Amino acid sequence: MPRLLCLLLALACGLLAAPVRAAPADAGEALTLIASGRFPDIEKGVDLLARSGDARTQAIIEALRDGRLAVAADKRVVIEGANGGWSDAATGEALAEAPPSPKAVRLNNRIRRAVEAALGALTLMAPDAAARRQAAEAVFRSRDATALATLDEAIAREEVAGIRRLMGEARAAILLGDAGASDLQKIEAVDILATRADQDALALLRAAAAQGSPTVREAAEGAITAVERRLAVLSMLQNVWYGLSLGSVLLLAAIGLAITFGVMGIINMAHGEMVMIGAYTTFVIQELARTHAPGLFDWTLPVAIPMAFLVAALVGAAIERGIIRHLYGRPLETLLATWGVSLILQQAVRSLFGPSNREVGAPSYMAGAFDLGGLTITYGRLWIVVFSLAVFAALIVALKATSFGLKIRAVTQNRRMAASMGIRTPWVDTMAFALGSGIAGVAGVALSQIDNVSPNLGQSYIVDSFMVVVFGGVGNLWGTLVSALTLGIANKFLEPFAGAVLGKILLLVFLILFIQKRPRGLFALKGRAVEA
Amino acid sequence: MTRRPILLAMLDGKGAIFLGVLAALAVLVPLSNLFLPETSPLHVPTYAVSLLGKYLSYALLALALDLVWGYCGILSLGHGAFFALGGYAMGMYLMRQIGPRGVYGHPVLPDFMVFLNWQELPWYWSGFDIFPFAALMVLAVPGLLAFVFGWLAFRSRVTGVYLSIITQAMTFALMLAFFRNDMGLGGNNGLTDFKDILGFSVQAQGTRLALFVATVIALALGYGVARYMVTSTYGKVLVAIRDAESRTRFLGYRVEHYKLVAFTVSAMMAGVAGALYVPQVGIINPSEFSPANSIEAVVWVAVGGRGTLVGAALGAVVVNMAKSWLTGALPELWLFALGALFIVVTLYLPKGIVGTLAEWREKRQATATAKPAGIAAEAAE
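Taken in order, these protein sequences are the chains called W and E. Residue 192 in the working numbering sits at position 192 of the first sequence, with consecutive numbering throughout. Residue 1150 in the working numbering sits at position 150 of the second sequence, with consecutive numbering throughout.
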């Protein structure tokens, strides 16, 4: 899928860039003019060449600037290579023997200026969209007034809307700082920058508001408030996004616990270690891919997901059969025994893989970011949000729509009744615990992308996971979803005021107080039992 | 003459042995350290005295935990927090005693504050240069926290694993808080470089012996207080709450009051343990608040025998001796051993060492007096 996307993108770029690359015939004419030896003709030739869009243009003009462009006796234009060899300027082919009596093309100041402008314009009008975008951004930052003429032409020729807008912004930035520009131009520039609405534009507008004529100042001040309001909204949206992303991490970490603790009522302190096992499974699979099939690296995560589920589920089933089974009805003892299991698993992983962090790479489709109306959204985070919601949905379906899910719910609601109906309750316990552990392992695959994969990985999530499940209401999966996202967003909104650590402390204190108020969580299951 | 029966009722066989051992330790260890030649196999070197003192302060923490877990059914996974708070109160006193002898030589401010460019002592540091005030704080700070926390939790009937989880969240939040430099308590380095306690150098042999003896006495007193509580009528209600909380409530007892008293007293005992721990170890830092430490304390109690008091202290000493030995000899194995200990004790030794020994003895007595097997089984339960 990502490859197909890339292909489409490349095709689109090629289509868009095609018109820019038109009129190669001009290049030959330009070279004839350059070969003439008269200054005005050379200048005209440089100009023509710059607009030709010929692939060789840059090499020829750079050679001219460096004095390596020469005219041979047979009027051929040749380029002297850095190591003394010669090549044909028009075709770029290397010449077998030195051309007869080459004479370097002479330059004067007018031609030098034309060369500089042509080189700048070349990148602004380069066939490659990325190069054009970069050039426009460079002009926006440098605000070089000499680039104005080229910029105007580039804007006229630009076909990609995004780059044209960027060039327009660069032009506005130049005009705003240019003492020679009229007030009308400046106000227009202010309007354009106001639509850009980021910190750079804000700085430019502030500078404009500090100087300039009263009308410009007024326009700039108006634009500043608009931009500031927009930036405030953006930063709030960004916080919501970060919060959702943190919330989905919490959801991933807690969702397995929502089964083992929430539905089955088992305090599994080794839950974090299941997450860690999932992360290490990812690491092992990536190592295997690196050594045996480097080309398949992008496929490691899709492979790691079922593998991590299997490994963690097997470990979970073993724990349930070996230990937890003997402790049903004694929750505090279960807590201690599973804590012991978590210590053993940690040390086992430390002995096997070493105590240091292991590097888990990101496949190509997890890297990079895109811009959504001013919000920067990284693909890695986006995938994790999507993935956690998918895991949640899958779990809901598994519990609500399969016969296995029905059995789990039957056993947790009334064990003896379920047993009398012929359900093998011990088997259901084992499978349900394995399911919860397996989902924790799957969470580990995702968390390996954003956290350090070390033996302590699970420890950092255990308190958070329990808090999420308890806050959401034990035995209620939807409660877990709401609680994870709420806690994530609350955490991110507290951070700017209180700092990351204090924000977390405040949230923990809030949770402790919340549990006093509603000991069974946000969405408690209704019941009449004195002791649930 | 009215006090004798109470004291006698308090002192059972286990308790007598326990107090006897403590008395012997308090007398013999200093004597051996001071008067036996270093070549003698019975000589206790000074570092070992401090090590033993450390174990005994852990034993006091375990005793405190056993009071609430063993007799009241409150599994606190945050007792390490009370221990550390007591330790910090003592650490603050010791920091103030350094005076101008710090690395930066500031007359009042501790080194880390000078380093962080603080201009004056924060308000909560005032008074800690006076020992009685610091000693009061050792009791008051953990006690107050436990009182507020317990009052909120018990009033809203947060019980069982929920209580365990929020006590864990409490110590986790405190750990995060104490890691911050802005707390004004040394950040992640904590408090260290102590010089004097009550005018005596903390490094001196005499001071170390005195601290050891003080720890033994505190442990004995702690045992006395806990034992007095659990053998009184109050203790009977406590056990009733542990075994059937709702029934006790329906019988008319204010369950939350009983729990709150036990929890607060226990937290204060843990605070004293922390305060004795700090000068003997020479440092207190936020990692003492880590949830893992608190859970480790729970396993000491479980190993020794939950609900026996003596067993808790024994478990703390045995587990920590094993830890010292294993982390030195086979550091890789320590976590395996500790993890296995958690599992084995919960699965096969639910009564711990002391509880299992008592069970055996009862069985032997039962067979010796040729009682029917059914009663023996009943007693074992």
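Check each hint, because a few of them may be wrong.
[What the hints assert, rightly or not] To be clear about the criterion: a stretch of chain E counts as covered by chain W if any three or more of its residues have a C-beta under 8 Å from a C-beta of chain W, and this derived list gives those stretches: (1) 1049-1062; (2) 1183-1193.
[As the list claims (entries may be wrong)] Partner residues aside, some chain E positions facing chain W, computed with beta carbon under 8 Å: (3) I1017; (4) L1075; (5) W1123; (6) Q1168; (7) P1291; (8) A1302; (9) L1341.
I should point out that these hints are in silico values taken from the structure, not numbers from a laboratory. Keep in mind it's a predicted model, so treat the numbers as computed, not measured. Every residue, glycine too, gets a C-beta built ideally from N, C-alpha and C.
Each hint tested on the structure:
1. A stretch counts as covered by a chain when three or more of its residues have a beta carbon under 8 Å from one of that chain; for the segment 1049-1062 of chain E and chain W the count is 0, and the coverage is violated.
2. Only when three residues or more bring their CB closer than 8 Å to a CB of chain W does the claim for the segment 1183-1193 of chain E stand; here the count is 0, and the claim is violated.
3. Given hint, I1017 (chain E) at the interface with chain W, is violated; its Cβ is 27 Å from that chain's nearest Cβ, farther than 8 Å.
4. Look at L1075 (chain E): its Cβ gets to within about 5 Å of chain W, closer than 8 Å, so that hint holds up.
5. Annotation: interface hint on W1123 (chain E) violated; nearest CB of chain W at approximately 19 Å, more than 8 Å.
6. Hint on Q1168 (chain E) holds. Least Cβ distance to chain W is approximately 6 Å, under the 8 Å limit.
7. Nearest Cβ of chain W to the Cβ of P1291 (chain E): about 7 Å, under the 8 Å cut. The hint holds.
8. Because the smallest distance between the Cβ of A1302 (chain E) and any Cβ of chain W comes to about 6 Å, under 8 Å, the interface hint for this residue holds.
9. Interface hint at L1341 (chain E): satisfied, since its Cβ lies 7 Å from the closest Cβ of chain W, which is below the 8 Å cut-off.
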